[in-house]
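Starting from the known structure of chain Y, arrange chain B on it as the hints suggest.
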Amino acid sequence: MRVGWWRVLQALAAAALVTGVVGAVVLGPDSRFVSGPHAIDTDVSAVVTQPGVLTWKNLQVEVLAEVPANKPVFVGLGNSVDVMSYLDSTRRLEVTGFGTPWSPETGLIDGNPAAPAAPTALDWWIDGQGGLGGAAIDTRLPDETVSVAIVSVGEANLRGLEVSIAYGLHGGFARSLGLIAAGAAIIALVQLLLVRTDEEDVVYVVVDEDGTEREISADELDELGEYEVVEETVVEDAPVEQEPR
Amino acid sequence: MRRLPMLAGALAAALALSACAVPRERAAEDLRPAKLAVAPSEVDDVVAKYREVRSAAVDALDAKPLSTVETGPVLAVDTGMFEVAELLEREEFALDGPFTVESTMLPRFDSYPLWFVALVRDEETGRRQLQVYERTTAADPWLLTATPELAGDTPLPEMRRVGDATRRVGPDDGEGMVTAPRSALQGLASALDEPEAEEAAAWAEDPFVVQMRETATQNADLEGSDFAQSWAADEQIYALRTADGGALVFGTLLRQDTFDVDAGLRVTWPEESPQRAFWPDGVVGRGSLRYYHQVLVRVPPAGSDEPAATLGTFGGVVGSAGQ
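As they're listed, the protein sequences go chains Y and B. Going by full-length UniProt numbering, the first sequence opens with residue 1, and the numbers climb by one from there. Going by full-length UniProt numbering, the second sequence opens with residue 1, and the numbers climb by one from there.
This is chain B alone, in the form it adopts within the complex:
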């Protein structure tokens, strides 16, 4: 009678083998369109392609190829950087050589545009950038849209994941956080635009704010001209939920520096400055420079004692007016 379990096992094994990968209908709730922004195995390819094109552009000292792998503020900043480099006859381009993708943040989407984040470390310099790649439609390529560089060894917070996907946060979704991503960026822009405002106090110790205020003070001290600076937050925002309920927010700040030079005077700038590149003969009357500053802002969860803070930045001159 010991044969009974043996034979029953043999039959069960035959049935199980036959049932392997048997077609079956998927549950109705699983039929909604959804996909991870990009397969984890494809991230390296996307970043490698970007690096390859960037390297070619650097070699040719020509920003045009970058338009096939960059867009928006990143392209504007890099184009401005190439322009300044060409005008000043400089060759200082980093982040175009060997790299390592240290980690990824891959959100899930039910429609385009898709985007994902890759933490990329440059092997020569050790500099780390948190790069956002976006694909507007399925017929478009992946383009770099944000690339704030992390300051030093700044640690990144643990991200909230659902399965293999990182949770997204809507730009205006402030649930569970001290403020919504858009409000955080607007608050940062306001703190820079109006340093004396009461709300600006929360950002007073932020390293990026401190650095920008120092630059503004130096420009304001320039003799023979009046200096004015304005800041605003761009509409394009990417935000991901951190494990503690806060968020990592990627945004861009628009900055404009305006110099009103006293009548009868001409103001010139030091050799290596962006102003010198755009105004080699100095400025007579009025001149203004426009900048993009991409920022990575950490928004704490509700109830936290910590203020929102910038963890990384990337920026530069994107245009000028006046002579």
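One chain only, chain Y, in its complex shape:
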């Protein structure tokens, strides 16, 4: 029974090791998985994910938006209440559904050709970055309903937009290595312990007719022929107690 529990622990350690190996292979040393660039054929001034499209939390996401001719562009992540209010009156491409790594469903919403204010002037973005010809954010999705928006700045639109997305787990590669190390170490330790248990010494004690006990060897036991096993005791490793001085 005890050996059984050791085997269960060993199996769990093996599972942890396999998980670590898979994590390390998928994420790589930079702890992320990249998809793109993907061209988005649009002439609107904003692309935004609808509330509820981004369903994950704690996922490390990098969004890179690139536009030709050094046009100014902004990428931001914000609470959906803020983002949808900001772009409510703007002609935009709304991402209504999304499957990883890249399978967006979109719908065109009519409105004003430009956003009502420069995105860089707003204070509620959780993360946002503007740039000429491209902009990127690298952020962890929070535990709230959020939207990602790509917004052209000024008179420009998003014609020629290309988007790249990277998914990751912050410190994922290091954690995977940790799992591999812990799993491998525990498997090895358990194996060593089990081998030692198999090599335990067996001591035979015979009780004579007059009741005296004496230790005999395995050969002497064989020479006895028939005998009755009165008691079988397994002595576990116990700490050696020292007499107080």
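Derived by calculation from the structure, the hints in this document are not laboratory data. Treat the hints with caution; some may be incorrect.
Facing chain Y, from chain B, some residues (calculated, C-beta under 10 Å) [as the list claims (entries may be wrong)]:
hint, residue
1, P23
2, R24
3, D30
4, R32
5, P33
6, K35
7, D45
8, F109
9, D110
10, S111
11, P113
12, L114
Every value quoted in this text rests on a predicted model; they were computed, and no experiment measured them. Glycine residues also receive a C-beta, built at the ideal position from the N, C-alpha and C atoms.
Positioned in the frame of chain Y, the structure of chain B alone reads:
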């Protein structure tokens, strides 16, 4: 065999560390858009910006900058106050210096407009205002829309909170209360508009009502003119649920005082009065002044013996007609 729990613990620790902040999907019921009106840490910044602009406007004796931090009745009252001060060559502006945000009431919203309430104490005067800041859209700034001043040491009731958010009450939602917020404000306006009406009796002892009636009586006693006064409640209402099931209601009352001066007479007012500022040469024929009075009304829960009452007010002249 004591090694077994030790090794199992080591494995569990490794798994737990790896699982920290592991990405996972949020529950479907949590995907609805929602947010606290403003992060608690940002309230001080909003109030500080307001104070900064107000202070600059006071220094320049120019109300124009206030339009970037105030709106609605607050802006109208402050603009009127600046106008009166300029006409009377007075400089009496308080509540523009150091301040302390004593507490906040932050409702949760699923769409704009957003608003929140901050209890602000002026450090020089000790006066306390319950200020309502509103953001109409995500592209707009926070603007002060109501700022009733609490009378003396008036205690505020405990608010009903859900997590870190204060519960809102719809203007027409009277559930669990003696009356809905809008009805309470309309009742107050009616009590001032028609003091003799039966419904006005419930407000007879209210300090704000008493003060307004005294002012109306003084104006009515003015010789050589007929005085008429009318009251109405504005549509804009903010209401929050109190812990006992009642509500704190922020609203604005519109008041108009009209003077019909007897033929051949000219009526003039004392030096420091708002009437003197708008009509320095007095009134011949008909003149009227319009006021906004912002009120903070405590609506008791259903079954309470207490009547609705005003806890704070803020108001002043916002316009005139006639000469």
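Hint check:
The closest approach between the C-beta of B:P23 and any C-beta of chain Y is roughly 4 Å, which is under the 10 Å cut-off, so the hint is satisfied. Checking B:R24 against chain Y by beta carbon gives a least distance of about 6 Å; that is within 10 Å, so the hint holds. Hint status for B:D30: holds, given a least beta-carbon distance of 7 Å to chain Y, under 10 Å. For B:R32, the interface hint holds, the least distance from its beta-carbon to any beta-carbon of chain Y being 7 Å, beneath 10 Å.
Because the smallest distance between the Cβ of B:P33 and any Cβ of chain Y comes to about 4 Å, under 10 Å, the interface hint for this residue holds. Because the smallest distance between the Cβ of B:K35 and any Cβ of chain Y comes to about 5 Å, under 10 Å, the interface hint for this residue holds. Satisfaction of the interface hint for B:D45 is found here, the shortest Cβ-Cβ separation to chain Y being roughly 9 Å, below the 10 Å cut-off. Hint on B:F109 holds. Least Cβ distance to chain Y is approximately 6 Å, under the 10 Å limit.
Interface restraint check: B:D110 against chain Y, minimum CB-CB distance 6 Å, threshold 10 Å, status holds. Interface restraint check: B:S111 against chain Y, minimum CB-CB distance 6 Å, threshold 10 Å, status holds. For B:P113, the interface hint holds, the least distance from its beta-carbon to any beta-carbon of chain Y being 9 Å, beneath 10 Å. Nearest Cβ of chain Y to the Cβ of B:L114: about 8 Å, under the 10 Å cut. The hint holds.
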